[in-house]
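Asks: With the hints as extra help, turn the sequences into a complete structure.
If you read the protein sequences in the order shown, they are chains C and S.
Under my numbering, the first sequence is numbered contiguously, ending at residue 357.
Under my numbering, the second sequence is numbered contiguously, ending at residue 679.
Please keep in mind that the hints were generated in silico from the structure rather than gathered at the bench.
All values derive from a computational prediction rather than experimental measurement.
Think of the CB as a built atom: it goes at the ideal place given N, C-alpha and C, for glycine as much as any other residue.
Treat the hints with caution; some may be incorrect.
[Said to hold, decoys possible] Listing some non-contacts, in silico: residues in chain S with all C-beta distances to chain C over 12 Å:
#1 E407
#2 A431
#3 L487
#4 E541
#5 S542
#6 E548
#7 A554
#8 P559
#9 D583
#10 D598
#11 G610
#12 P643
#13 R659
[Said to hold, decoys possible] Label pairs and their computed distance ranges (CB to CB):
#14 S/S462 with C/R153: 47 to 55 Å
#15 S/D381 with C/L27: 30 to 38 Å
#16 S/R631 with C/S267: 47 to 55 Å
#17 C/P341 with S/A630: 18 to 26 Å
#18 C/E61 with S/D409: 47 to 55 Å
#19 S/S585 with C/S267: 47 to 55 Å
Below, each chain spelled out in residue letters.
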Amino acid sequence: MPRETVAEFAVEEVQVLSEDETVDEELLPDLSDDELLEMYESMKRSRRLDERAISLQRRGELGTYAPAIGQEAAQVGSAYALADDDWVVPSFREGPALLVHGTPPEQMLQYALGMEEGAEIPGGTGALPPAIPVGSQPLHAVGIGWGEALQDRDNVAVTYFGDGATSEGDVYEALNFAGVYDAQTVFLCQNNQYAISTRIEKQTQAETLAQKAVAAGIEGIRVDGNDVLGVYRVAREAIRKARNGEPVLIEALTYRRSMHTTSDDPSAYREDEESEAWEARDPIVRLQVFLEDRGILDQELEEDIDERVEEEIADAIDAARAANEALDPADMFRHVYDEMPPELERQFEAFGGEADE
Amino acid sequence: MSDGERLRMIEAVRETLRAELERDDDVVVYGEDVGRAGGVFRATQGLAEEFDDRVFDAPVAEAGIVGVGVGLAATGLRPVPEIQFQSFLYQGFHQLAQHVARMRSRTRGTVSCPMTIRTPYGGGIHALELHSESFEAGFAHVPGLQVVVPASPAETAGLLRSAIRDPDPVVFMEPTRLYRAAGESVPDDHEVPLGEARVVQPGDDVTVVAWGSMLKETLEAVEDVDGSVEVVDPRTLYPMDTATIVESVRKTGRCAVVHEAPKTSGLAGEIFARVNEEAFYHLEAPMERVTGYDVPVPMFAREDAYVPDAARIAEGIERTLE
Ligand SMILES: Cc1ncc(C[n+]2csc(CCOP(=O)(O)OP(=O)(O)O)c2C)c(N)n1
Numbered sequence: 001m002p003r004e005t006v007a008e009f010a011v012e013e014v015q016v017l018s019e020d021e022t023v024d025e026e027l028l029p030d031l032s033d034d035e036l037l038e039m040y041e042s043m044k045r046s047r048r049l050d051e052r053a054i055s056l057q058r059r060g061e062l063g064t065y066a067p068a069i070g071q072e073a074a075q076v077g078s079a080y081a082l083a084d085d086d087w088v089v090p091s092f093r094e095g096p097a098l099l100v101h102g103t104p105p106e107q108m109l110q111y112a113l114g115m116e117e118g119a120e121i122p123g124g125t126g127a128l129p130p131a132i133p134v135g136s137q138p139l140h141a142v143g144i145g146w147g148e149a150l151q152d153r154d155n156v157a158v159t160y161f162g163d164g165a166t167s168e169g170d171v172y173e174a175l176n177f178a179g180v181y182d183a184q185t186v187f188l189c190q191n192n193q194y195a196i197s198t199r200i201e202k203q204t205q206a207e208t209l210a211q212k213a214v215a216a217g218i219e220g221i222r223v224d225g226n227d228v229l230g231v232y233r234v235a236r237e238a239i240r241k242a243r244n245g246e247p248v249l250i251e252a253l254t255y256r257r258s259m260h261t262t263s264d265d266p267s268a269y270r271e272d273e274e275s276e277a278w279e280a281r282d283p284i285v286r287l288q289v290f291l292e293d294r295g296i297l298d299q300e301l302e303e304d305i306d307e308r309v310e311e312e313i314a315d316a317i318d319a320a321r322a323a324n325e326a327l328d329p330a331d332m333f334r335h336v337y338d339e340m341p342p343e344l345e346r347q348f349e350a351f352g353g354e355a356d357e
Numbered sequence: 358m359s360d361g362e363r364l365r366m367i368e369a370v371r372e373t374l375r376a377e378l379e380r381d382d383d384v385v386v387y388g389e390d391v392g393r394a395g396g397v398f399r400a401t402q403g404l405a406e407e408f409d410d411r412v413f414d415a416p417v418a419e420a421g422i423v424g425v426g427v428g429l430a431a432t433g434l435r436p437v438p439e440i441q442f443q444s445f446l447y448q449g450f451h452q453l454a455q456h457v458a459r460m461r462s463r464t465r466g467t468v469s470c471p472m473t474i475r476t477p478y479g480g481g482i483h484a485l486e487l488h489s490e491s492f493e494a495g496f497a498h499v500p501g502l503q504v505v506v507p508a509s510p511a512e513t514a515g516l517l518r519s520a521i522r523d524p525d526p527v528v529f530m531e532p533t534r535l536y537r538a539a540g541e542s543v544p545d546d547h548e549v550p551l552g553e554a555r556v557v558q559p560g561d562d563v564t565v566v567a568w569g570s571m572l573k574e575t576l577e578a579v580e581d582v583d584g585s586v587e588v589v590d591p592r593t594l595y596p597m598d599t600a601t602i603v604e605s606v607r608k609t610g611r612c613a614v615v616h617e618a619p620k621t622s623g624l625a626g627e628i629f630a631r632v633n634e635e636a637f638y639h640l641e642a643p644m645e646r647v648t649g650y651d652v653p654v655p656m657f658a659r660e661d662a663y664v665p666d667a668a669r670i671a672e673g674i675e676r677t678l679e
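Replies: So this is what it looks like as structure tokens:
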């Protein structure tokens, strides 16, 4: 037998709520009406925050901003499946997941205003700050998932990253480590089709990103990333396994509806027809129609939700602006070391900084 | 490019790449978003259409981008990769330090790495975290690398051309905030040799050394200084033209160095050491350094407090004159 097949693999894809609004009742997760409405409201809050942030950036108030418009289901669905004391290890486009996990919108706006305060871990939540270097953070999530296991706790870490990130060596190392150490980690790759201008076909010749798990000896699965119920179902299952030391890679197939960041112009590299086709698969509309069909949501409730979200974000903007006005530049010296080394202290004093107390 | 056309720095990069791609079939340009989109700063805009077999998009993988260049070079090509922002060259730093820099010495000269790694650096454009660093000292600390920092469109064209033609690897750091500053006339086929400093402005009382983004700020600062200031731009930080700096300090007797990078272990320290070695008895006052602080470059709300500005630079120069 000089040549035989020694390994074979398949990749499954899950969808609960389809594009034409048919529902797979068997896969439908058992969520209460209130929980479903909460998910809907979370997606709306995130969408509105992104829209407001983009327009504030256009007026010169915010810095470069990376909106998650179109990717709300992938993030809300997965973050919703976490317990409060689980960890979120995000990339830089993770507004929806962070909101669900407890980061206040005000803090996200501070971050967008270029304030380090925005990266502080909000009290009581295990959300690490945005990781700007692409693909660098999944290793941290593996360390967390392994660290929790070493300390006999069952908390998990979900780490978010994009399709482009799967080309970085760090991501391969993370998947591999997770397998070797049975890390309590879920990898959530949002395949939004583009890394800035680079299409997925130029990123990899692999047919799916989920199959990247195979080489690391862990489970990989794909889900319709615009189907919040499907994502929730797959993530809940993956998180259950991860609590048990079985890491999972989820590929959520989705689309970045707006620009890469506010400094990017997507018309340079993609066609309108493509974005329009994805508009029809909008994750929020999809859940909205489902909720309406089930009689959970009507126009009045919709308006209530919109109003609440609008107010919350307006308050958050005011609060972030106020924090920005009270900004102390000398703060840049304060959190570099536990105790300021003498060299730094001299620089701090020359800067005009005043010692605490 | 018609001779002497006025170009901004970003256009000078593009036109020089175009001319070198045209001149030499061995030149290969690649990097993240470099192809179809023409790079995030548009430095390579249009080149992929013109040279579709030698200008490529790359996967998001800096170790790959740098490491593949070692192999391309081994086959006789001249890779000119772009790293989207300098901080992401950290992802390729092991390839840079372990292989790019050492290929010639490890093979006793039989295989070299004539690679020019272009990367924007420095603050001032209100970018995100890790988009504003100035790690030139780190690159200059790796034996085998050359580090080049241009400060104007013409200098960019001249130095980039020399870098691409050079037989050894070059880290070519482009000051982001000067990319779209006012244009300047750039002669065709302009070449500025590596390893030669430029006396940007002659003076008698103090020598100020500054490069890249800090040169413009320094030239502004010296207008307010009561004294005759000589401004020297080393242009190549490794190998550095010590002779020009030392000669200037021997004449002026005073020296200040300005850089955006953190103070500790920054290149100002190296320049001071060289002046100390070769012009100590000419010094009439302690040397001064005006630099960034020993803190991570803050996000943009505090960025202006970090980056030396004309006022801070002028104060530093004045201290040497007291
Ligand atoms: C290590 C590193 N290289 C390059 C960049 C510049 N950059 C920012 S986002 C991005 C594309 C990332 O694409 P993907 O991982 O698919 O995430 P998406 O932006 O689509 O959410 C690149 C190349 C970076 N931030 N970090």
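Asks: For every hint, state whether the structure bears it out.
Replies: To see whether the hints hold, each was checked on the structure:
A cut-off of 12 Å between C-beta atoms confirms that S/E407 is not in contact with chain C; the least separation is 17 Å. Residue-level check passed: S/A431 sits 21 Å from the nearest beta carbon of chain C, beyond 12 Å. Some Cβ of chain C comes within 12 Å of the Cβ of S/L487; the nearest lies about 5 Å off, and the non-interface call is violated. The beta carbon of S/E541 sits about 25 Å from the closest Cβ of chain C, which is more than 12 Å, so the claim that it is off the interface holds.
The Cβ of S/S542 sits about 29 Å from the closest Cβ of chain C, beyond the 12 Å cut-off, so the non-interface label holds. In this structure S/E548 is separated from chain C by more than 12 Å, as the shortest Cβ-Cβ distance comes to about 32 Å. With 12 Å as the threshold on Cβ separation, the claim that S/A554 sits away from chain C holds: the shortest Cβ distance comes to roughly 28 Å. The Cβ of S/P559 lies farther than 12 Å from every Cβ of chain C, with a closest approach of about 31 Å, so its non-interface assignment holds.
At roughly 22 Å, the least C-beta separation between S/D583 and chain C is larger than 12 Å, which holds for a residue marked as non-interface. Every CB of chain C is more than 12 Å from the CB of S/D598 (nearest about 29 Å), matching its label as outside the interface. Taking the minimum C-beta to C-beta distance to chain C, about 25 Å, the non-interface status of S/G610 holds against the 12 Å cut. The Cβ of S/P643 sits about 15 Å from the closest Cβ of chain C, beyond the 12 Å cut-off, so the non-interface label holds.
Non-interface call for S/R659 relative to chain C: violated, since the shortest CB-CB distance, roughly 5 Å, does not exceed 12 Å. For the pair S/S462 and C/R153, the supplied restraint of 47 to 55 Å holds, since their beta-carbon distance comes to about 50 Å. Here the CB-CB span from S/D381 to C/L27 is close to 59 Å, at odds with the stated 30 to 38 Å. Separated by about 51 Å at the C-beta atoms, S/R631 and C/S267 satisfy the suggested range of 47 to 55 Å.
Under the hint 18 to 26 Å, the C-beta atoms of C/P341 and S/A630, about 22 Å apart, fit the expected range. Between C/E61 and S/D409 the C-beta distance comes to about 41 Å, which lies outside the given range of 47 to 55 Å. Checked against the hint of 47 to 55 Å, the pair S/S585 and C/S267 passes, with Cβ atoms roughly 52 Å apart.
In summary, the structure is inconsistent with hints 3, 13, 15 and 18 from the numbered list given earlier, while agreeing with the others.
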